[in-house]
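**Student:** Following the hints, complete the assembly by docking chain B onto the known chain A.
Number of protein chains: 2
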Amino acid sequence: MRKPKIVILGAGYGGLMTATRLQKQIGVNEADIILVNKNDYHYETTWLHEASAGTLHHDRVRYDIREVIDTHKVEFVQASVEEIKTEENTVILDNGEISYDYLVIALGAEAETFGIKGLKEHAFTIVNVNAARQIREHIEYQFATYNTEKEKKDERLSIVVGGAGFTGIEFLGELANRIPELCKEYDVDYHKVKLICVEAAPTVLPGFDPELVNYAVSYLEKKGVEFRIGTAIKEGIPGGIIVAKGEEEVEEIKAETVVWAAGVRGNSVIENSGLEAMRGRVKVAHDLRVPGKDNVFIVGDCSLVINEEINRPYPPTAQIAMQQGEVCARNLAALVRGKTELETFEFHNKGTVCSLGEDEAIGTAFGKKVIGGKAALLKKVIDNRSLFMIGGPSLVFKKGKFNIF
Amino acid sequence: MRKPKIVILGAGYGGLMTATRLQKQIGVNEADIILVNKNDYHYETTWLHEASAGTLHHDRVRYDIREVIDTHKVEFVQASVEEIKTEENTVILDNGEISYDYLVIALGAEAETFGIKGLKEHAFTIVNVNAARQIREHIEYQFATYNTEKEKKDERLSIVVGGAGFTGIEFLGELANRIPELCKEYDVDYHKVKLICVEAAPTVLPGFDPELVNYAVSYLEKKGVEFRIGTAIKEGIPGGIIVAKGEEEVEEIKAETVVWAAGVRGNSVIENSGLEAMRGRVKVAHDLRVPGKDNVFIVGDCSLVINEEINRPYPPTAQIAMQQGEVCARNLAALVRGKTELETFEFHNKGTVCSLGEDEAIGTAFGKKVIGGKAALLKKVIDNRSLFMIGGPSLVFKKGKFNIF
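Taken in order, these protein sequences are the chains called A and B. If you read the first sequence in my numbering, its first letter stands for residue 1, the second for the next number, and so on. If you read the second sequence in my numbering, its first letter stands for residue 1, the second for the next number, and so on.
Just chain A, with the same shape it has in the complex (with noise of 0.2 Å):
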């Protein structure tokens, strides 16, 4: 009898828990279980406004996937997907091709700049390991740049956040400690640097409780963060952004750094496959599987599952995914055994943290608030279950956040 075989695309906090979950509930003799990744590292996307600030190094925030697979029953192919083909049941990959019995598909989000010109090409965007390197690169020559030059562009030392949601608050947060630092490395008076967070919306961090919110803006803003909210970016341009300025007018912003942290996407190989999908994300079934597709799961950002209290999507994070992960591996589990009930799939929602740097936070756990140093530390605890959940207590030794005290 022919071993059916699994295939996982991305190592990401659903792809990755699909994979490891799975790895123990199953036989080598069940099933064969193929990885499939473009990078041979998984990183945090939750801790990437870390390493693009500066605050901790992008080693920090990967490791291995060869670490946390048990490579006796998870083969791991590198290779990028192109383009999923369901009704053949293949995977186009940038260096071959791929087929499979059951998929799953936890490939990762995109940034979405919703048509707003020139953002692609003038503004950064936190989305993997190498874009947080490269606008910790970019903002560190800014600076080491601005001294070298007789007439000084205060633009330079200008940082613009686009976004005050979760990523652009975090990101923030790091920027106002990192800044003291990139002074000092780099000759720079503190009070020429201007740190800007632009958001269209008319509030900061939106589904948090109003205290919180507050807390946060006053916090940021005793930190030099200056928050332009209700204020919408038009354009990316060279050197800055052209805002809204009341109804007709427009204002531009000079910023030798503008960085993008206002949306997220689903992936676009999802639309690449013909598969039916809003921004990217397919609303799946209860199971998790793709509706009409029995042998297709898809876990994290590029699904999209209803809160039915509120009647809209969950957001994407880490936490739903590696929920997803778990059943779907379970779901795989079943239906490799012949079973053909699947659990139906539930977020319970454990509460969010947000950062606002290394020893300050705001969040909701377990239905309370929670504000400060408490929260900084809560905050360093779900980084370290993440770890925890995906590679065991040597992944939180190797890799985890111990600075708590």
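Because the hints were derived from the structure by calculation, they are not lab data. Mixed in with the good hints, there may be bad ones.
Because identical chains cannot be distinguished in the list, a pair is counted as satisfied if it fits within a single copy or across any two copies.
[Said to hold, decoys possible] List of simulated lysine-lysine pairs, BS3-like, C-alpha gap at most 27 Å: (1) 153 / 117; (2) 401 / 184; (3) 120 / 153.
**Tutor:** Coordinates of chain B only, in the frame set by chain A:
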């Protein structure tokens, strides 16, 4: 009786040696001493290639001027010199002006691009701490950007060093050591990186013994440096250089980093002030004074002293500048005390060691050739000696190079 006012322009090797010797030789009541420098720190010009390559942090190559001057005896003024009006015994600064009875011009060298088109715009030069830091960051940014681009631009990983003289070779030695670190930091394949040395002259390190030159070239070649000797740079362009190829043809070498290390000249303030000079260097009298100006001394890179053995000027080095500073200090003390007989400056060449990176070097010392690890050790002794001469043992302790075993 009014005290005479001695003004020293520049806190490089020559100026700082003059100031620190003078503060020991004359009493507070004998003269006012004012030291003018653009930055509040002195930097080791001969170590800048290390900071540029990123093998030594720029804070290791500089120290606070106030650490080595006796602030009861020497007043420090932070300012840039714009013009010297010798007729009026006045110096025009960027933030005021200052009059003097005796002047020491110890302004440093500037890069000389010999009118080669586009070099000023598109090439870096290792001229000061700001420039060194920018070169380091520029290279890092190029490496960081490489992996973010879908279409890889190998020229981001190419570094051209213009000139195979002392600075060019020392810089290449550091770069050769730095490249493996950069490849690791930025996930770049070592084999994609190119280090190219372009030199118009028919030989590397002109003036050095051929045996030493051969050693240096084959050592650096083994470390991956490609030498293009007898090849003139015709033009600096965005993303590379144009070189002569044969009599009539030209060739483009693509490289996002071009560092011009092939020439220095005296400071442009010299010419702006109407002093008779060749490429910013004034042929000084035997007592280091400017001919016809009995109260103006020049030491260091803006002075020109003929080596009578070969009837050519001594090249501007830290060694000669410091020896001039010692004589200049004694001559100033003599003048202040009303003496008219001044000491004649004679250069005592103690040898030259050209480093090829941390653990390798070539050179001559007291007439003997040295090579390899022994020469590298000697180089560190020389580097520490500069610190000792100006700041004594405490400065050596703070800033010295002790990784000598």
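**Student:** When the structure is checked against the list of hints, which entries are broken? Sort them ascending.
**Tutor:** none
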